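Residue numbers (the numbering used here), protein chains in the order written: chain X, 1 to 228; chain Z, 229 to 456; chain U, 457 to 684; chain A, 685 to 912; chain R, 913 to 1140; chain P, 1141 to 1368; chain B, 1369 to 1596; chain S, 1597 to 1824.
In case anyone wonders, no lab produced these hints; they're calculated from the structure.
None of the hints are false.
Footprint (simulated), chain P over chain Z, 3 or more residues, beta carbon under 8 Å:
#1 356–362
#2 412–421
Now the in silico label distances, taken between C-beta atoms and shown as ranges:
#3 R:L925 / U:E496: 38 to 44 Å
#4 B:V1516 / R:L925: 56 to 62 Å
#5 U:L537 / X:A24: 35 to 41 Å
#6 Z:E322 / P:E1151: 31 to 37 Å
All values derive from a computational prediction rather than experimental measurement.
All C-beta atoms, glycine included, are put in the ideal place defined by N, C-alpha and C.
Protein chains: 8
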Amino acid sequence: MSLEELERFIERLPFASIDHLRPATQGHQEVILCQGKTPEQVVGIAERLEGVSGSFLATRAEPAHGAALTARFPRAELNELGRTVYLPANPEPEPTGRGTILIVTAGTSDLPVAEEAAVTARALRNRVERLTDVGVAGIHRILTQTEVLRSAAVVVVVAGMEGALPSVVGGLVAVPVIAVPTSVGYGAAFGGIAALLGMLNSCASGVTVVNIDNGFGAAAAASRINHS
Amino acid sequence: MSLEELERFIERLPFASIDHLRPATQGHQEVILCQGKTPEQVVGIAERLEGVSGSFLATRAEPAHGAALTARFPRAELNELGRTVYLPANPEPEPTGRGTILIVTAGTSDLPVAEEAAVTARALRNRVERLTDVGVAGIHRILTQTEVLRSAAVVVVVAGMEGALPSVVGGLVAVPVIAVPTSVGYGAAFGGIAALLGMLNSCASGVTVVNIDNGFGAAAAASRINHS
Amino acid sequence: MSLEELERFIERLPFASIDHLRPATQGHQEVILCQGKTPEQVVGIAERLEGVSGSFLATRAEPAHGAALTARFPRAELNELGRTVYLPANPEPEPTGRGTILIVTAGTSDLPVAEEAAVTARALRNRVERLTDVGVAGIHRILTQTEVLRSAAVVVVVAGMEGALPSVVGGLVAVPVIAVPTSVGYGAAFGGIAALLGMLNSCASGVTVVNIDNGFGAAAAASRINHS
Amino acid sequence: MSLEELERFIERLPFASIDHLRPATQGHQEVILCQGKTPEQVVGIAERLEGVSGSFLATRAEPAHGAALTARFPRAELNELGRTVYLPANPEPEPTGRGTILIVTAGTSDLPVAEEAAVTARALRNRVERLTDVGVAGIHRILTQTEVLRSAAVVVVVAGMEGALPSVVGGLVAVPVIAVPTSVGYGAAFGGIAALLGMLNSCASGVTVVNIDNGFGAAAAASRINHS
Amino acid sequence: MSLEELERFIERLPFASIDHLRPATQGHQEVILCQGKTPEQVVGIAERLEGVSGSFLATRAEPAHGAALTARFPRAELNELGRTVYLPANPEPEPTGRGTILIVTAGTSDLPVAEEAAVTARALRNRVERLTDVGVAGIHRILTQTEVLRSAAVVVVVAGMEGALPSVVGGLVAVPVIAVPTSVGYGAAFGGIAALLGMLNSCASGVTVVNIDNGFGAAAAASRINHS
Amino acid sequence: MSLEELERFIERLPFASIDHLRPATQGHQEVILCQGKTPEQVVGIAERLEGVSGSFLATRAEPAHGAALTARFPRAELNELGRTVYLPANPEPEPTGRGTILIVTAGTSDLPVAEEAAVTARALRNRVERLTDVGVAGIHRILTQTEVLRSAAVVVVVAGMEGALPSVVGGLVAVPVIAVPTSVGYGAAFGGIAALLGMLNSCASGVTVVNIDNGFGAAAAASRINHS
Amino acid sequence: MSLEELERFIERLPFASIDHLRPATQGHQEVILCQGKTPEQVVGIAERLEGVSGSFLATRAEPAHGAALTARFPRAELNELGRTVYLPANPEPEPTGRGTILIVTAGTSDLPVAEEAAVTARALRNRVERLTDVGVAGIHRILTQTEVLRSAAVVVVVAGMEGALPSVVGGLVAVPVIAVPTSVGYGAAFGGIAALLGMLNSCASGVTVVNIDNGFGAAAAASRINHS
Amino acid sequence: MSLEELERFIERLPFASIDHLRPATQGHQEVILCQGKTPEQVVGIAERLEGVSGSFLATRAEPAHGAALTARFPRAELNELGRTVYLPANPEPEPTGRGTILIVTAGTSDLPVAEEAAVTARALRNRVERLTDVGVAGIHRILTQTEVLRSAAVVVVVAGMEGALPSVVGGLVAVPVIAVPTSVGYGAAFGGIAALLGMLNSCASGVTVVNIDNGFGAAAAASRINHS
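Pulled out of the complex, with its shape left as it was, chain X reads as follows (with noise of 0.2 Å):
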């Protein structure tokens, strides 16, 4: 394509450029962050994905975010938890990975930053299973899942303070493997570098690892793979 055609596929509003080529070139439209965004520009960006679409997702929705969509919206899904607004198509488009996102978590603090991964993975047309609370405390909570594990096309582990449930879920497995460093913790765990440190350095091989708290980027992961 030449330059000026690809301009035609970018609108330019004033507080945002839309990229019209994301469906062509990632397979999905745009996701909204909606953090750092005012509610109006949020609605704004959100109202031409819709009129595209038919549908949008956003992540890391504030209260007022949260509210200013639903009143648009009426039939977009607020996930308190995950912090996300999902407006399916309608009606939603049936699931076209080949396998099944499976999201484990090593306990329950890090189920929000699960639910914004397992509503990302949804809405970019999964099938999602879950699997929680079996951090390596108690290793026999994962042990006694390993076929659950196996089953999977691709399994993200979402775990905060030490983060090593992925380096034993690596383990176990052979299928892709991505970790999500959470900000659970305190003290030394310093916002969740202590997870993103011991998942970077996991000694089980062909772990990935997204940035903390990034459940969203987790469940992107999984679906380019999944969609491969």
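Chain X is already provided as a structure; the job is to place chains Z, U, A, R, P, B and S on it using the hints.
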């Protein structure tokens, strides 16, 4: 045990997998870390634990956690300074450890962490004593207490700022010394990092360290020692 | 399996416990990380692996490791740039992955890490292609290769300095993208931290990251994906 | 000048030493950084500056600063997004710089910093243009604007997250490029450190950097260039 | 004791003040940290200690320290891997601790630190056993050894990389667990910081930590416990 | 003194051990750091100190501390900017130091720290003078005051941001210079780390440094010098 | 240009993709960063650049790089202090920039970085002058040179330790000032971090910063300004 | 003085600007920091200083610097441990300070830094005494020396590891205490950061700190105090 047998010891709630093997493997049931959990989740876990043992301990309880737990379990004891809620079995069992856990603080501001340690040590069935505000800037405050230090089975030393007290205590006694850095201080104290590094680099041999503000962990370690 | 049966799959040497369950759990046998081991230890482990499978892969081989391994196994292939020693089975088996792993480097200095990734990917039975020195300062170097990028099953992007290339690649393609930060750079590159942080914070969704200079890990992850 | 003569250009208030030599040494009078000052102190300094020049610029104005300044100087312009209060001379003088300062943002969330830069550049007598939300994840959003970039006298690039945009812009143009990292992002963005490091390590040559969120500093530097 | 009496227990050399009260306060005489001392200084201190007790232990011995000590004390035992020089009393006294100190390593590369710990534990009169290369990536390697772990009086767990092994061990046993992070790893292992943080944030309760690579300190702490 | 005699100088409250030897060892009684203490604890300590000496100084007083202290001691002086509460003896004793302590600030925002230093210096019986807002960006603001600087017994330099002022002052005078970094600044100022590092690395010889925002400590050090 | 046309400007070697569009986009051809490249690779790239333009510049040349380049190009000029190899076109073209780039150093130890900047500025066709060892500890060393500073088109200030000199220079002149932190210093200089932070937080407005020891980048930025 | 007069006191060599005003402003001439300078540059500067005063002091002298200086100035005294070269005037002048500077070390490994301090203090005309290896792990080693500490005019405390000694010394004496962190230690000592943070956060009031390993700076500060 087979995996099937192990699985029977795990109670899988929607938001938690409670590990009923802990008394066998750890010598005590799970302790509830309230941080990052909703009051409903905390009460839900406490109910299961109380149902099995007639007792539970919850740490890092925010006021909402404390209110929910004491409303549901009127006999539970709320320690505001230490942010713990403890429901002892009825009657409360006798201490089983070999000796006394002595909890020493460098300054008045370290008391909340010391309280968390003291309640935990009691819940894990240890005798507890305290020695308060004996930091190194007035070195005679600790020197005059050397006999008290030596009579303990384990000494837990809680200190912020430069975290020097465990080095002095470690040099005065031969018993096990566990150092707890606190986030007390300002500026280059960096929320407890200075104290943590000071303790990790202690010139006294055989001092071990737990996470910043981790009174719970220090008491759990002291209890392991006191019961070994 | 019972614990007794499991123990039979573990070969306990004085300095290592070789895990012969890896082919079953991970899809491939253990890979030898030479760093921190003596040449004698490395050869000892290689002999056990070769004895079972006729093959081994050793990474982070210092010259002494390389010399010891090639002396003992004359058929082993030493890759000096990538610091690997690979003994393929005889005959070398065909690739089994679904597609091709494309290894992209931002600059010439990133080649050693790319080589480690390439040898690992081959040893794990994947087809490998390369695209070299296409960093973002001359953005057309990568733009003209968009079709090559899109035809891969997985793209591994190796970059130092600011680590921006995975963000651009992630925006151009829908296939899985694994980012490898390298320690290339100076000053505030901090041995790869700048690139690592850049990649973790990528504005392209669904990029995952491995440890600094971890070409091995990136290839292992890519192979998990390529075999899923 | 002798020390006595120099002292006459310094107005010593109880809480500030106002430097009336700045127009001679810097080309413009002092700009008021509101952060850390009381509204009374800010108004006090503004009164002296207005008395000399009929104008002032205040940055990092909290609501209380803004209210105090606009109450005292009704003609002053409050920019809420950019947190600036600007009282132009009456009439506002024409721009004196050689060309245009182009302010480019990677995302919508970077707009507050861009606004601070834009107001500052105007106050320092420069023409200003904007290009918004053209981050590298959709690389064609900036590629189609190459001519706009090249026509500027100076380009200020404002970006958070991985801070990759200045590297791409620096490679597209030969004019001076000033990079402003923002604290936009989460987790391992570390309040702008990731973007700062990305920019300092830019693989594009000749990109310079200012402090995190320092739109003021970027505009001041751009103005130095535009007036040189 | 009066200050005059105390001073009689201190032997003041030009370069060291030897503390002959240590056997009374700590249960054992001073151990020589060779690092930062000249071989002559190390030999000088060793001579004083040997003169009093017929024994000494020196740690972090560079080859020059080792050569000087073994030349002067032919009966001294040099441990090259652990970098220790130990002169046992003649005859070597029996162990006095209550039970066995078990030293567990995650990988082969952690052996030097484990050796320093083992020699120190022996010199402090403890029985020592070892369990080697049982890291969490192949979790069954440690699971099959649970009975061995539970039979120890104290478990010292030595691990680099993500430092996850102490969390798993801490969950399997009720005895005291001391975690030693090692500088094994690369990239974001940051010379042992990742392992240190992992251990400080262990989700297993009651794990305590010593400095990076501090096998000596772990053994000293284990000996305090084993003798309490 | 014997340990029994020493113990008589320590007043052991449930939450504090007050050290009545301080006037003998330090030249002044304890100063109360309010941070981390309850208002009741602060008043309790103040009562003991006032009972002995008729005076006390409390620093880092939050409004609740200030209110409690001034309610209990109506004669006490609250300094809101410096967050101190000072009860001078009645009558207030004359300064005893050799000369004047000059407190210099780089900017208006550094005044709170300077006030803490000024009140402390007065309470420790020193003459105090001030020089305000003379940062290096307008270098003549400090150059014209060289004689004032040279006439002080000690110069305390309070600066945030890059913390360059102590280097310039240290080069202008031969008297002792104490540098106080402040948390003034934003972005890469990192809460005073930039200023702290700048001061520790001062190219002027003989500048010493205290903790970030530690006006109290700087004054205490200056008073030691002024009384030596 | 179409992608096919763009591809024709890229010369793809096995180890590098040389970008022959740089003269058009950047105003000068690629500069060779030797670090991380083999001497053979460096010579290979130099040959292509020399073939097109009769000139090249290589930076961060280790002795082996320097030897290989001067052997292959006897006319090339090796600057040992600055670690550059420069082959000027024959005859060397006249400077084209508007004015002079003045390179100021705080201390003698900063000279290597200043030399890298000077050679780069010359190669990019600028006039260069130097002012050496004028750090702020003896402030008159720079004050007496104010006129020299003001007569430059751009001032590059190279400083290690606390990096305070750019703040003073920035306050003395209105022309663009580029600060280069150097790794000169020890201890808490942290390899240039202290100077870098000092410069990023400069209280002088409009100072921009490049990476630690990045004399090349400072000169490239200065040349952009001098040619704008 | 006018700028012209000031310029006459600056001797501008090609690589250094020697400041002959230092004796007037600082009380002593410049001290040569050898680090980062060539031996030729060091000798060149030493010749100018010796020519004016018959004396010089050089610090951080590598063997090549030491050899060059002692070859050129046979009377110069090389201190290998402290890495200083000192040429006293002939005859060496009497000390002029008010009292004695006492240099205290925590351990034998801190001696090199203490030696740098001792030579510097002597060169700046102070009486010097030493107290060696009195770290806090054997607290009676320092307690028995309280009278020695109190009789000094200034105490310089040199300590690595956790850097706790200055806190204890600061609590024992009322005289000025300067703390010097050293890079002695390993692991989480982080090259002196642990000691530096410990000292900055000292719970003893009025302790000031210099850079890591900066024996020179501590002595310069002590000399300022001793001469004030």
